[in-house]
Amino acid sequence: MFDLDTWQEILDTIRANRMRSFLTAFSVAWGIFMLIVLLGSGQGLRNGVAYQFRDDAVNSIWVWPGQTSVPYKGLQPGRRVQLTNEDHDGIATGVGGVDHITSRFSIGGTLQVRYRDETTAFDVRSVHPGHLYLEKTIITEGRFINPLDIREYRKVAVIGVKVVKALFKDEPPIGRYIEINGLAFKVVGTFTDEGGEGELEKIYLPITTAQRAFGGANRVSQIMMTTGDEPLARTAAMAKDVHRRVAERHTFSVDDERAVYVRDSNEEFDRFMKLMAAIRMFVWVVGLGTILAGVVGVSNIMMIAVRERTREIGVRRALGATPWSVVSLILKESILITGVAGYAGLVLGIAVLEIAARVMPPGGFFQRPEVDLGVAIQATLLLVAAGTAAGFFPARRAGALRPVEALRNE
Amino acid sequence: MIHLEQIDKTYVSGRNRVHVLKAVDLTIEAGEMVSVMGASGSGKSTLMNIMGLLDGYDTGAYRLDGKLMKDISETRAAVYRRQWVGFVFQSFNLIPFKTAAENVALPLYYQGIKRRRRLAMARDALERVGLADRAEHRPSELSGGEQQRVAIARALVSKPKMVLADEPTGALDSATSTDIMRLLQEVNREGVTVVVVTHEHDVAAMTRRIIRLRDGRIENAHEKPADV
Numbered sequence: 001m002f003d004l005d006t007w008q009e010i011l012d013t014i015r016a017n018r019m020r021s022f023l024t025a026f027s028v029a030w031g032i033f034m035l036i037v038l039l040g041s042g043q044g045l046r047n048g049v050a051y052q053f054r055d056d057a058v059n060s061i062w063v064w065p066g067q068t069s070v071p072y073k074g075l076q077p078g079r080r081v082q083l084t085n086e087d088h089d090g091i092a093t094g095v096g097g098v099d100h101i102t103s104r105f106s107i108g109g110t111l112q113v114r115y116r117d118e119t120t121a122f123d124v125r126s127v128h129p130g131h132l133y134l135e136k137t138i139i140t141e142g143r144f145i146n147p148l149d150i151r152e153y154r155k156v157a158v159i160g161v162k163v164v165k166a167l168f169k170d171e172p173p174i175g176r177y178i179e180i181n182g183l184a185f186k187v188v189g190t191f192t193d194e195g196g197e198g199e200l201e202k203i204y205l206p207i208t209t210a211q212r213a214f215g216g217a218n219r220v221s222q223i224m225m226t227t228g229d230e231p232l233a234r235t236a237a238m239a240k241d242v243h244r245r246v247a248e249r250h251t252f253s254v255d256d257e258r259a260v261y262v263r264d265s266n267e268e269f270d271r272f273m274k275l276m277a278a279i280r281m282f283v284w285v286v287g288l289g290t291i292l293a294g295v296v297g298v299s300n301i302m303m304i305a306v307r308e309r310t311r312e313i314g315v316r317r318a319l320g321a322t323p324w325s326v327v328s329l330i331l332k333e334s335i336l337i338t339g340v341a342g343y344a345g346l347v348l349g350i351a352v353l354e355i356a357a358r359v360m361p362p363g364g365f366f367q368r369p370e371v372d373l374g375v376a377i378q379a380t381l382l383l384v385a386a387g388t389a390a391g392f393f394p395a396r397r398a399g400a401l402r403p404v405e406a407l408r409n410e
Numbered sequence: 411m412i413h414l415e416q417i418d419k420t421y422v423s424g425r426n427r428v429h430v431l432k433a434v435d436l437t438i439e440a441g442e443m444v445s446v447m448g449a450s451g452s453g454k455s456t457l458m459n460i461m462g463l464l465d466g467y468d469t470g471a472y473r474l475d476g477k478l479m480k481d482i483s484e485t486r487a488a489v490y491r492r493q494w495v496g497f498v499f500q501s502f503n504l505i506p507f508k509t510a511a512e513n514v515a516l517p518l519y520y521q522g523i524k525r526r527r528r529l530a531m532a533r534d535a536l537e538r539v540g541l542a543d544r545a546e547h548r549p550s551e552l553s554g555g556e557q558q559r560v561a562i563a564r565a566l567v568s569k570p571k572m573v574l575a576d577e578p579t580g581a582l583d584s585a586t587s588t589d590i591m592r593l594l595q596e597v598n599r600e601g602v603t604v605v606v607v608t609h610e611h612d613v614a615a616m617t618r619r620i621i622r623l624r625d626g627r628i629e630n631a632h633e634k635p636a637d638v
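As given, the protein sequences belong to chains A and B, one line each in that order. Mapping of the first sequence onto our numbering: residues 1 to 410, in sequence order. Mapping of the second sequence onto our numbering: residues 411 to 638, in sequence order.
Fair warning: there could be bad hints in the mix.
Keeping only pairs whose Cα atoms sit at most 25 angstroms apart, straight-line, the calculated DMTMM-like set for lysine to aspartate or glutamate is [claimed, not checked]:
hint, chain 1, residue 1, chain 2, residue 2
1, B, Lys432, A, Glu199
2, B, Lys571, B, Asp534
3, A, Lys155, A, Glu248
4, B, Lys508, A, Asp123
5, B, Lys569, B, Glu596
6, B, Lys480, B, Asp435
7, B, Lys508, A, Glu308
8, B, Lys569, A, Asp5
9, A, Lys274, A, Glu308
10, B, Lys508, B, Glu546
11, B, Lys569, B, Asp589
12, B, Lys508, A, Glu9
13, B, Lys432, B, Asp589
14, B, Lys508, B, Asp534
15, A, Lys155, A, Glu179
16, B, Lys432, B, Asp468
17, B, Lys524, A, Asp123
18, A, Lys165, A, Asp99
19, B, Lys480, A, Glu248
20, B, Lys569, A, Glu9
21, A, Lys274, A, Glu152
22, A, Lys332, B, Glu484
23, B, Lys524, A, Asp12
24, B, Lys571, B, Glu439
25, B, Lys571, B, Glu551
26, B, Lys524, A, Glu179
27, B, Lys508, A, Asp89
28, B, Lys508, A, Asp99
Selected chain B positions facing chain A (Cβ under 7 angstroms, derived; list incomplete) [claimed, not checked]:
hint, residue
29, Asp465
30, Thr469
31, Gly470
32, Leu478
33, Lys480
34, Phe507
35, Leu516
36, Asp612
Source of the hints: derived by calculation from the structure; they are not laboratory data. Keep in mind that this is a model prediction, so the values were computed, not measured. For every residue, glycine included, the Cβ atom is placed at its ideal position computed from N, Cα and C.
With the hints as constraints, model all of the structure from the sequences given.
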């Protein structure tokens, strides 16, 4: 199959027919290039959107209190709903499918946090151990709040890495005491978070300790839970159940959407996944369109090229070429051109994606554009095959002609 | 060497049937130099195409060197052409994007001769037709006479037993025509059978036997050319 002389002959032909060769090569290279850039951009867009979701658990239900909006059992609308520990416990034990659950209690006002001579204001969240999973908190040292802290009202704190930096400089923080509004808390852990700078400036306390120490009684400001692997239909039912339980405890209509807000992030995530699928679909449709245009282009050029060469084929036949040698000469030429051009398009497309990846700002809606090399190579092979097939049939016809008929062709 | 017996050939195009050759009997011995003459449409080109295996025939028998050439595959026909026949056409039929040397070397490519050797042989063949200095020129850079000499070099390069020339001088002026015919005479003196299809008396006169065709029939297969 590999015969240097044959390829020399083919290269001569390609060199002698620059325009035709260039047009074929261009339509293949352009098709592959566009496909790569498209698929890569689609992936970049998906990566970017996925990045926006990186911070919080995507399978969670969040509960905030609101105000009643309809009269119920003789009670006026406009009453404020105050969530309590009992709501938390009711949901934790009553609603099926809850994986991790936490409440948050917000201490009012700014809190001054002091370590030795260093005093800074930080945001303090008092939570249950399950909060770790809701916020996707990553412990870097020590531990997070645990059930024992909750039960025994321990004065412990888990602090973000920026808090560590601000208060402790290079000192190891674990085991040290920080003062929050004058009360001493022992640092038992440090954490980081992918949610951005702000998340790293938080301090977590056990919710029971905070309620007792900062006058919170049994009040909580929100309740969040993860839903494990429950499907969307199940989590929607769970969200309804949560709403119903809170409604019963606080005596408002189960249809009162504004008395308490229950947000199911599964629903959002589902919408987001559908958007992703739509982007993917769009990219594929446009990409396949591009490839199809390339196939048509290459096929056209090949068909015209073979027709143009009918007389040359006749001459070669008269000089002793077998029909097959003529067909294989044309096919090898087409494979060579489309193969090289496809590869060039591939390399160029990937180069453009690399540059785009470097130029785009990090953290935006377009990140790490990348392309599945397998798909790219398959697309290239498809174009090569299409060009070859488009050349094959007219070449075979021309090859099968009596030489005298091919020679008569002007 | 060439032996035709009761050759019949009809072209069918759509509903038209053209009976081109009618019961042609013809023998050409090795080493002869003959011309085939006749008005246009008399079937002389078809006759030559059949002899050169560029075209088939309907009935009868064509024997080339004793072997029957009837309904042979295109692949076998290609092999016979390669070994036996060199063609010279009225319109030269050089490949436009190849240089003279590359054109001449092309038949050798199909004989599987290596590139370097076949280009050397092509140069020798060009030298023989007096075009050694035109080896690197494209056909478009050559005059008609030069192109036809390149075509003759191409026909000779594979050392065929016969050269079939279809109106080799049809596109040339008379002085050049004479040159080309002298060249073919020279080829014939070296033992190659030469068949020239022509409608020019001057050209036919430079062969040693004239075969006259009329309406697809042989009128006279043994006419002696008058001295010019």
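* So which of the earlier hints does this model not fit? -> Violated: hints 1, 3, 4, 9, 13, 17, 18, 19, 21, 25, 26, 27, 28, 30, 31, 32, 33, 36.
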